[in-house]
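Knowing the structure of chain A, use the given hints to seat chain B on it.
Here is how the chains run, residue by residue.
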Amino acid sequence: MANSYLKSESKKLATWYFTVAAILFGAQLLFGLVAAAQYVIPGFLFELLDFSVSRMLHINALVVWMVFAMFGSVYWLLPDETGIETVGIGMGKLLFWIFTAAVTVVVLVYLFIQVGPADETTIWFINEGREYIEAPRWADLGITVVALGFVANLFMTGMKGNRSGIVTVLMADMIAFAGLYLTGMFYTDNISIDQFWWWWVIHLWVEATWEVFVGSIAAYGLITMIGAHRKVVEMWLWIEVTMLFGSGILGLGHHYFWIGTPEYWWEIGALFSALEPLPLVAMFIHVLYDWGKMQGEEDAKGQAISVITNKPAFTWFVLNAFGNFLGAGIWGFFHTLPQVNLYTHGTQFTSAHGHLAFFGAYATILVGMMYMAVQGKNGIKILNNTRSTIFATSMIVGGVVGMTVALTIAGYSDVIISRAQMGATWAGYFDAQATTWLTQGMIWRLLMGVITFVGFLFLAKDLLTTGKSANHVR
Amino acid sequence: MAKRSVWSDNRFWQRTAAWITGFASVLLIWLTFDTSAQISMGTDADIQNGVTKRVPAPTVINYKVTYEFNKKRQHEIPVIGGMNAEGTSAFQEKEKFFGRDDWSEAEAAELLRLGKLGSQAKNCMNCHTLLGNGAYYAPDLTKAWLDPAWGPNGSMQAMTGKSTKEEAMAEFLQHPSQYPTHARMMPNLGITAEEAKGLVAFLKHMASIDSNGFPRNFGKMQGAVNGK
Chain A
3 MANSYLKSES KKLATWYFTV AAILFGAQLL FGLVAAAQYV IPGFLFELLD FSVSRMLHIN
63 ALVVWMVFAM FGSVYWLLPD ETGIETVGIG MGKLLFWIFT AAVTVVVLVY LFIQVGPADE
123 TTIWFINEGR EYIEAPRWAD LGITVVALGF VANLFMTGMK GNRSGIVTVL MADMIAFAGL
183 YLTGMFYTDN ISIDQFWWWW VIHLWVEATW EVFVGSIAAY GLITMIGAHR KVVEMWLWIE
243 VTMLFGSGIL GLGHHYFWIG TPEYWWEIGA LFSALEPLPL VAMFIHVLYD WGKMQGEEDA
303 KGQAISVITN KPAFTWFVLN AFGNFLGAGI WGFFHTLPQV NLYTHGTQFT SAHGHLAFFG
363 AYATILVGMM YMAVQGKNGI KILNNTRSTI FATSMIVGGV VGMTVALTIA GYSDVIISRA
423 QMGATWAGYF DAQATTWLTQ GMIWRLLMGV ITFVGFLFLA KDLLTTGKSA NHVR
Chain B
37 MAKRSVWSDN RFWQRTAAWI TGFASVLLIW LTFDTSAQIS MGTDADIQNG VTKRVPAPTV
97 INYKVTYEFN KKRQHEIPVI GGMNAEGTSA FQEKEKFFGR DDWSEAEAAE LLRLGKLGSQ
157 AKNCMNCHTL LGNGAYYAPD LTKAWLDPAW GPNGSMQAMT GKSTKEEAMA EFLQHPSQYP
217 THARMMPNLG ITAEEAKGLV AFLKHMASID SNGFPRNFGK MQGAVNGK
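Quick mapping for you: the protein sequence lines, in order, are chains A and B. For reference, each letter of the first sequence is one residue, going 3 to 476 in the working numbering. For reference, each letter of the second sequence is one residue, going 37 to 264 in the working numbering.
Bound-form chain A, shown alone:
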């Protein structure tokens, strides 16, 4: 972290968060490759690092790197938005180390202890066995403390400095984000109640509070990278919040079709989740419209120069606008209606949606924020693409889209053979797994995963070295 142009402690802390996020992103892809290989070569690491473990590490690293990068993004933009240094930055730095240490311990326990006896000690110290939020109870409490500290910093800074629209939205959003985590922290013998509250965390994070977070970050990016007008951007942001929460909160119902909950969730879940893609269309239009508008103003001055001050970051922001709509919106809508979901629920189709949605909606914009930090840290006026930027971006995007297509094709035979024809039994499941579409789909998914990982290596190299490149305007 030498040669830093950063004066703000908040921005320095942001770069720490981004660094750990990037490392965990790499870990996510690595364990994803192991899990993908296990579909193709069933004996791969059998009873050493089984699919249950590699897949748990794959999705946990995903969630945690995104949370790290989200915290980093907020610490990055706070001084710009509020005009002051973040309040309580000392505590923020301490919490960063606690968070990083806790994550390291959790990962080591996942890797080397893996499972425990069927009692509360496992839930407290090894894993909770609940997809996405497997972290043991002690870590849950730790994460809560860290999240509350982060929210406290955000609130204290927002109340002391200039509270812009973006900061106001983030304050409301991040307190909900932290609070919702609490609903996933108790044990019950009743699996229906268990999954009911589990979805409060998962859905109300990724289909509500995280999406609003993305809206805020996109707003910040448009102002800083292309000089979009704050008044316009913030009005869009409030409209997006209206649409995202208006559809996303009750859209939760689409997870309540089959877990023992009453039938009225069919209608509520179908209606509101069908509305969920709308704000994503709005965000897409908004980003492209503002870009065209600002570039048009520049062109009208007779100057043929780009308005974009950070090419790689803006590329990732545009990819976010498109990927969010396609991955979360279209791939989500594919199977959100109960009459379709009866057959697609819990198949490779879900997996296809999961990959493109997490990538399109979140990974993209967070990688964009990492490039913003690289620009700021190296005191660069205009950050241009390097050869590595191009390789990284095209290989990662191509790889993830390729995986999604492969999984979607695999999903069709999973849905039709296993669910529609064979009625979801053990034998029916394996009948579907043996189909050509599924077996070949899994091979393609693995190949595309490798491409994604190579793209990640280019990304890591680019983030570490582009600051020194002579390509940029300083």
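Derived by calculation from the structure, the hints in this document are not laboratory data. Hints may be right or wrong, so weigh each one.
Derived BS3-like pairs (lysine-lysine); straight-line CA-CA distance at most 27 Å [claimed, not checked]: (1) B/39 to B/256; (2) B/130 to B/39; (3) A/295 to B/39; (4) A/383 to A/9; (5) A/313 to A/379; (6) A/233 to B/39.
Please read all numbers here as calculations on a predicted model, not as lab measurements.
Only chain B this time, still in chain A's reference frame:
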């Protein structure tokens, strides 16, 4: 000076966002109260009194459980202890579970607790799906208890050499890699005999939860080969 339109006023959209979010949240909380009451676990008294709960009492393990098409609801529902005239649970026909059909409420609850904790401690959900949620590397377990493969003439029961469904499932869970059905195998997770019993109770209980007809046509395709 012409008045500015409210549609381009940030304060208007800020208030709209607050009201819409507040309204959706209040509605969700209200529905949560209703749903929580409907999915609370039943008691043995409910079963004795013929009261159908969406999530029945743990003592459901003392009864025969099937999955039958219901004309009124137009999908399959779990039927506990045989079917009555309305096509729903009669709570009459018992079925031995590990040699007993008189598990007390406390014993059954303890067994279910062991099984539910086991399902989390062994990380079932990162290969299988439970109620359709989890990973897609292994079969869905929602109605696994009703899978014909574990039944009297089923291949899985025959493979383990046991004479009842529950014993066959428990045997498999303790030594999964001894009974490979496909190249993709379940690993040994150190499941003890007692934990296996609990897990089977958990699976039988889960099969008796009213999941609104998911999965459809479960186990109805007996004899079909490759979907033909």
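* Give me the numbers of the hints this structure contradicts, sorted from smallest to largest. => Of the numbered hints given earlier, those the structure breaks are 1 and 2, listed in rising order.
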